[in-house]
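For the record, the sequence lines run as chains Z and W.
Offset between the first sequence (1-based) and the numbering used here: plus 623.
Offset between the second sequence (1-based) and the numbering used here: plus 99.
Hints are computed from structural coordinates only; laboratory data are not their basis.
Note that the Cβ used here is the ideal one computed from N, Cα and C, for glycine as well.
One thing to keep in mind: the hints can contain errors.
Said to hold, decoys possible - Computed footprint of chain Z on chain W; a stretch qualifies when at least three of its residues, placed anywhere within it, have a C-beta under 8 Å from a C-beta of chain Z:
{"id": "1", "segment": "471 to 478"}
{"id": "2", "segment": "511 to 522"}
{"id": "3", "segment": "583 to 596"}
Unchecked claim - One side of the interface only, derived from the structure: several residues of chain Z facing chain W at Cβ under 7 Å:
{"id": "4", "residue": "Val669"}
{"id": "5", "residue": "Lys704"}
{"id": "6", "residue": "Arg708"}
{"id": "7", "residue": "Tyr720"}
{"id": "8", "residue": "Arg778"}
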Amino acid sequence: MHGKESFRTFSTIKETLEFAISMEEASYRFYTEWAGKTGNEVIAAVFREFAAEELRHKKLIEDVRAGKKELKARHDVEDLKLADRYVKPQMTDSMSYQDALLVAIDREVAAIALYEHLTAFCVEEELCLVFDALADEEKKHKLKLEKIYDDNFMRED
Amino acid sequence: MWKLRDMISPFYAWKRAFEKPFTIRKPLVERDGPPLYRGFHTNDLGKCIGCGSCEEICQNAAIDMRRAEGIEPAHGDSGLRPAIDYGRCCWCALCVDICPTASLGMSNKYNWISDTGEDWAFTPGVDDGGWNEDELGYTRAECAWLLDPAGQKMPVVGADERRKNFEEMALGYGGDSAMKEAVRCLDCGLCVEACPTHMDVPAYIRAIRDGDLDEGLRLLYDTNPFSESCGRICTAKCQDACALGHLGEPIMIRWLKRYITDNTLDSRYEVLGIEKRARRTGRKIAVVGAGPSGLTAAFYLARFGHAVTVFERSEKPGGMLRTGIPDYRLPADVLQREIDVILDSGVELRCGVDIGKDTTVSKLRQEYDAVYISVGAQEGSSMPIEGIDLPRVLVGVDLLARIAAGERPSLGESVAVIGGGNTAMDVCRSAVRLGADKVTVLYRRTEKEMPANAEEIEEAREEGVEFEFLVSPVKITEKGDKLDVECQRMRLGEPDDSGRRRPVPIDGSEFTVTVDTCVMAVGQQVEGSFATATGVKVTRWNTFHVDGDTLVTDTEGVFAGGDCETGPDDAIRAIASGKKAAWFINEYLGRDG
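This is chain Z alone, in the form it adopts within the complex (with noise of 0.2 Å):
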């Protein structure tokens, strides 16, 4: 993910959430881009889902900003670490599932060290509980696309 953004700093809880928004609106660009981009339509189709994920990710935030939700930090996301083994693969247009499904993992790796470097540097608490509860939504978010993987095209292993 775009490491830049991490030097920025943060001083309202709503100032937080808008920044994760744009976060989740980046990503939701990144994949309605590649299906345009990719030559395959099935996985295009893919990267639309990813793509409506995203969106719905938003939503999530959207209504913690308007007060609808409360997030708060479980701490208990099993985490697989797929990502820590696998290479990433490059992004073409002619990528298969199984290397789709490794990209939105990465990003997702991506988001959650971005929130967990956040959460480390922030002074408010206040903040820093969102920050955590952000990496959370992550995590749940990457262990969803790891499950995916895991029943897909780890069957043997």
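Assemble chain W onto chain Z, guided by the hints.
Relative to the frame of chain Z, chain W by itself:
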């Protein structure tokens, strides 16, 4: 001679006509039966599998298998439960003594009064007579079981001997063993549902009992033209469903199938009426891929009277049966003679034709009335870790194909095999036969989760293969002429919503295994380039998108089945797909057959 008593007796009887009768609704004093009394039946519904053995053995036809509310048919369970007519039951307890799951018993209750005649037939365990939970009564003692829980062992070559070569290890049943095994069968038929191609198992086992192996062979070929191969390597889902397997060993159905084919070799063509017949329908069908699914479809389409041409990219037919299963499990000559039967029934085979290069699916569709795609899933799956492309890191299915082609590559002294499926078992056991001293299987989960057959795992152990569970490779590097396989230990996480416990890496648990060769056997997939080049709609897994009922694709007249439709699976499912495809292609062509 008339007596006075005879004259007045009728009047004497009338004397009590207006008195209260002595008939009573219940005995004045209720008495329990003795502790082991054989009273009304009980049935543990959790154990009962609806096999109907009780109904079969009942000498009074007092038992009727019926649907019971809330109990659905499932793998190895007919969903039926015994209803007992106490107007017929003689309490002999034969039903209890034969029950293969010991679900059926008898309470010590013998006294039951009802105003409704229909109550005389009820379903124990479902209809509550008040004694379902009764602890007293009759339950079968071990010595009273009418069934033999022990199966006949298959004679095999000893582990030390079989490590040295690729000769077939299972030697086949003799007549005595086959008969002893056949008479254990209860004839319940749960296996028929469990078999993907629904082989009539009870019928061909009955043929063995009757000594009519020709009839047995005919029955085998009604549903499976690869019975000889399946008699050796089938995953035998029928045996998983066998009623006898609950408290004993299941019937060795696979070995009995092999017994029939082993002993009808000379009469096979005559019994099956195999001959090149005139194609009476005038319809032409192209089959792409000469694996188990394609050749099965070809066999039954030819039986329907159609002209079938099978196109195969390799030089020899058989698909994964030939290239993926080593000779010690399925000898190539056994497979070849079985394929010969299919070809000799009038199927044309063209090997060395690469669909996508030499011709295309759309061209075939123009030339033929229907096309069946059955190219399998023959490409080894990748594990995208660092070092996967090193020269001594091999792909399991590719290695097995080289061995099947007659190569005997040297893998060195130590070999690591990654994966826990049947391919991993074939690879590790082949590595032993290729001379490796130390072969270690590294599997990311526990033995319980291994997709490989338990029998294969056991045989691999006998041959000296070692297993490391809850271990996953993370990186492979070259170290001189050796490979360092860096691994990480795993633990199983908490069960998720689906109930699965997934492997989670343990931080700081890294260790290195140094080997000569590392073989990745983590699964197979459909060749993506082939699938997309056909122009037929595919899924994100590159499997063909079909109507599940008819196997028809989105392209008119083009069907697809087997591993290229389901994803990698076993031979019997591919065979079942081939049979199904033949049926629906024939329907599509107007049932000319």
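Do the hints match the structure? See the list:
Using a Cβ-Cβ cut-off of 8 Å, 0 residues of the segment 471 to 478 of chain W lie near chain Z, which falls short of the minimum of three, so the contact claim is violated. Coverage of the segment 511 to 522 of chain W by chain Z holds [criterion: at least 3 residues with CB-CB distance below 8 Å; count 5]. A count of 4 residues in the segment 583 to 596 of chain W with a Cβ less than 8 Å from any Cβ of chain Z is obtained; the coverage claim is therefore met, three being the minimum. For Z/Val669, the suggested interface contact is upheld, since its CB lies about 6 Å from the closest CB of chain W, less than 7 Å.
Interface hint status for Z/Lys704: upheld, as the beta-carbon distance to the closest one in chain W is roughly 5 Å, under 7 Å. With a cut of 7 Å, the hint placing Z/Arg708 at the interface with chain W holds, because the nearest CB-to-CB distance is about 4 Å. The closest approach between the C-beta of Z/Tyr720 and any C-beta of chain W is roughly 4 Å, which is under the 7 Å cut-off, so the hint is satisfied. At a threshold of 7 Å, the smallest CB-CB gap from Z/Arg778 to chain W is about 6 Å, leaving the interface hint in force.
Hint compliance for this structure: hint 1 alone is broken.
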